[in-house]
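With chain A's structure known, arrange chains B and C on it following the hints.
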Amino acid sequence: MLKYFDAIRTLISVAIALVIAFLIIAMISEQPLETISIFLLGPISTTAQIGNVVEMSIPLMFTGLSVVLLFRSGLFNLGAEGLFYISGVIAAIIAIYASMNSFIHPVVAILGGSTVGALLSAIPGIMKAKWNAEVLVTSLMFNSILSGIGLYILNYHLRDAAAFANVSYKFQETARLANLIPGTRIHTGLILVLCCIVATHYFMYHTRWGYELRMTGSNRAFAEFSGIKTARVIITVHLIAGFLAGMGGAVEVLGMYSRFQWSSLPGYGLDGALVALLAKNNPLSVVGAALFLAYIRIGADQMSIMSDVPAELISIIQAIIILLISAEQFLKMWKNRQLLKEAEKLG
Amino acid sequence: MDSFWSVLFSTDFAFSVLRVTTPILLAALGALISNKAGIVNIGMEGTMLVGALTGVIVSAYTGSAWIGLLGAVMSGITLSAILAYFTLKIKTHIILGGIAINMFASGGTVFILYLVSGDKGTSTSLQSKVLPNLHIPLLQDIPLIGPILSGHNVLTYVSLLAVAGVYYMLKRTPLGLQIRSVGENPQAAQSVGISVAKIQFIALLLSGFFASLGGAFMSMGYLSLFSRDMTAGRGWIAIAAEALGGGSTIGTFVASLIFGATNAMANALQILNIPSELISTFPYVATVVGLLVYAMIESKRKKRKKGI
Amino acid sequence: MRRIPFNSIRPPSLGWRGAKGRTVMRQNVLEMRNITKVYQNGVTANRNVDFSLREGEIHALAGENGAGKSTLMKILFGMEAPSDGEIRLRGEGMRFQTPQDAIEKGIGMVHQHFMLVPSFTVAENMVLGMEPKRGLGIHYEEAVRMTQELSDKYQLTVDPRAKVESLSVGMKQKVEILKALLRGAKILILDEPTAVLTPQETEELFKQLLVLKQEGHTIVFISHKLKEVKAICDRITIMRSGTSAGVFDMADVTEQEISRLMVGRDVVLKYDKAESFYGPPVLDVQGLTYVNALDKKALNDIRLSIRTGEIVGIAGVEGNGQAELVKALTGGLGGRVKGSAKVNGSELISLDMRSIRELGISYVPEDRMSQGAAKEESISDNIISTRYRSRDWNKGLFLKGKSIVRLAEKLIEEFKVRCSGPAQPIGMLSGGNMQKVIVARECSTDPILLIAEQPTRGVDIGAAQLVHKKLLEMRDQNCAILLISADLNEIMELSDTLYVMYGGELVAAFDKPSEVTEEELGLYMLGLKKQQGEHTGRGVTSDAQVL
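Protein chains in written order, with the working numbering: chain A, 1 to 347; chain B, 1 to 308; chain C, 1 to 547.
These are calculated hints, taken from the structure and not from any lab test. Every residue gets a Cβ at the ideal spot worked out from N, C-alpha and C, and that includes glycine. Among the hints, a few may not be true.
Taking lysine-lysine pairs in the DSSO-like style, the calculated list, with each CA pair at most 30 Å apart, reads [unchecked claim]: (1) C:K402 <-> C:K327; (2) C:K375 <-> B:K171; (3) A:K229 <-> C:K338; (4) B:K302 <-> C:K327; (5) C:K296 <-> B:K302; (6) C:K338 <-> A:K130; (7) C:K297 <-> B:K300; (8) B:K91 <-> C:K74; (9) B:K302 <-> C:K297; (10) B:K198 <-> C:K74; (11) C:K297 <-> C:K338; (12) B:K300 <-> A:K130; (13) C:K133 <-> A:K280.
A few chain B residues that face chain A, going by a derived Cβ cut-off under 10 Å, partial list only [unchecked claim]: (14) F104; (15) A105; (16) L272; (17) P275; (18) M296.
The shape of chain A in the complex, shown without the other chains (with noise of 0.2 Å):
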């Protein structure tokens, strides 16, 4: 039983969570049992909703995969939004200056916005592994840099002074991801993500350096202890976590838009600390947690439209979702005791 305790405990904060959005739905809806349907059944109505809940989840498992990286290393960093964005920047310009061949364009705008945001990443952490500076506070600020820095290049060297709204030229076409499959919007680079997550899950437990990671995040001070360089180690959880958020912004805004249209941080950051804490930090289970939070969102979606409830309802389960997981208190009485039943059996 202890071994699913984390599984039944998020199960049971996301229960709780939605079970509030019902009675709110039920105070405030003309038809609350319809709505609540549409909320639940809307997002796979049809094949058109359903790709919408997996192209949603793209960006997620993107973010939701960096932050791993990053809680599993023992660090408090949010800069996924910051490097998510300003690599969706960097994307867009190879996309829109650029010329290549179908083939390499993608390849070229999304290697460039990882790089970017590989590089951005390792700021904070040199300043964390080799003078410990607090990690938490300089990525909150490099996302408010990296959003004014991106906002300048859309507004001074992107724009298209024809479009009708803040939006940049048009990408080439050569530039776009391709559709995966026909009558939804899923593009290629959910077969990137997938292999990206896998990639990171062996990594993570079958490689040297997930070694490493992993025993620097759990205990830094063993970690030294077994010889272990845990700066070195601080600074490569940085770059990867930065080339994976950076690939998630580049390859949304190829796979999701024809031109650059974000004129403020669109958040997948901070959903990526939601995703990450939903999959208990383990690579795998982001895919798992960004379908499940792309689906509320979408039923949300729905909903909004279908009814008279409006989406907004969503963050209200988010925010209740992330206070009942992170809380080590929250069902710790059923947990020790479980606890208790466990030695007892071992003797």
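Coordinates of chains B and C only, in the frame set by chain A:
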């Protein structure tokens, strides 16, 4: 160039610095108090937003700006109490708790705004009230200083008084002493019978109080309505200001002023063709550099002390 | 010497000469009777301990580490609840739930780690939690006055307006004592107060303690330093293995006798030890000296060598430089160590941990929770932490998962680790089983030198025996072993050569440790005796000199 300097040295500019600084300063003082008690409240942005919305709704329904302000403050304190309950009682990670508060606020305010006004963008359909501007007799007649210091919103004066109040509270009152002791050496506080959790709870409530005042200023002073995400990162700037201010009241005040000035200067600098987007990043860059220097000094000091 | 059982200490009625009479023998102000403390993990820290204080005395509480002194005082100060027994203060039964309860009844404690807020002034620290008020604010001048007044009264000179972070350790201690006095402490517990002081500061402290005594305060003085105890205390309670080994008037007991009562073995373990065949020296330490941040010589000219197939034990009361010696040998002190330590000719001082391990050194750390293991990770992950870099366990970047699991399974069986398998997180094991995994890891990499620091602390007897047998087995396979332990049983039985460490120096060396008596060892451990001359010459017990 000339026009730039003339803008920068105008009384209007100095006036607008104070105006723009107000919400940042209020929230930064809130962040300062919770940090002093050893807890990082990153939910400032969300708390401000909730305060801004509540102020508008309550003032619209009661017809009184003052009751609206009271409502805003109550909402901020309630939100902080929830955060405090989760983090101190059932041990939710404080940072994740802060993220939850922000997530709740960014969507939740729109959700509630829509329910109340039927609009997801702004609260134009609500007849909300605005807190008064104060023209201070005598002061307003002094040339140069009068136009800068007089005629501000009442909350701007509150924010300036709050600097003195927080300074006094932290330095000279039993509560302040206990807040600082809890943040610096919780064991020492405990050993003389101070309840660490209780003091941290109070500190979080105070941080929520100040953040919601900042929020109320946004919707009932700076503007006269609520619009979605209207705090636009001021909660984060406040956290940066506290960090740059090195955890002192005066430092936080000065840093907030600098951030307010950069903000106000953005317009003036556009005359020189320096883009406002880049200017807006200066405070953050300054904060990162400040933190880096601080960390370098600290790690050097630690190295020297290593191995007792 | 006459041993006085607790109950026969002159009863109050004999000592107390009526209402107007002089007090020849003062009354018991505090009595702790039959105190037993069993922790949740089953460890018994106190067993039927009796402890009493007479009004206005300085009472020493002495005992080895782990003898139960701290637990007893924590119970008295409301930090721990006793499992059994009673506390009577001036004849009245007490139940302290928190330190606050004890403070209110006039008990104060000065902890070894000071409970002060560094950025506050002395006066602010003094009044924290009980601030004098004027209006809304603190009446700071009143706080200063209160501090000054108390400071004058007890001749504990401090500057009320000075910031605590700028004070010397001795000054900080004075502030701590004043803090307790301000809160009305009549009984003052001082936990190893001289451990952090210079000799001058110690002397000053003693003068102040005598002033306090004259003012009618009762003082509990926890210490290992018998000379100090002898110099200042009226009575002494000696603790050993969680029980009281006796209460004495200081005048009736010699330092040697105290030492004998403090230091001893309970159960004598016996192992079949094969005869030793030493090879060439593996570790060669010369002139190792380390001055710590308090400007004390934590290590003073240490000379030591260990040969293949030899277990060298270092006995001593904790805090006499053993921890620093291990740190110096495992890269924990950086470049501030003087002298040399060579392993097979390679200098290891100023190397980092990885390079040290690459020389073939294994290390079982004292603190298994913070250094020895990553609690959330699996047993097999914990087992390979020191060897995953070797070609045997990886193919380039990738780890050889199957071989690792096989290794873990083999070690689990060999060390009889009770667990559900190699994938179980190590944090879920009991202390003894966790220690087995750590010892298994460190012993299974074919080290040429094994440093074992308190390898059986806090583990059950079964696990301890297994660890001991393994150490002997390693020795028979020609590993050189440095064993640091406060457990006399362990160190006397296992060591081929035994050193005693006191005050940062090796003060004695013995060739045949099993033939040394505990009494003798105690004299060295407590600094009452020191061997003269070239003690690295091993076993020069004959020219020992009583100080």
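- Hints broken by the structure, by number, lowest first? 1, 2, 13 and 16
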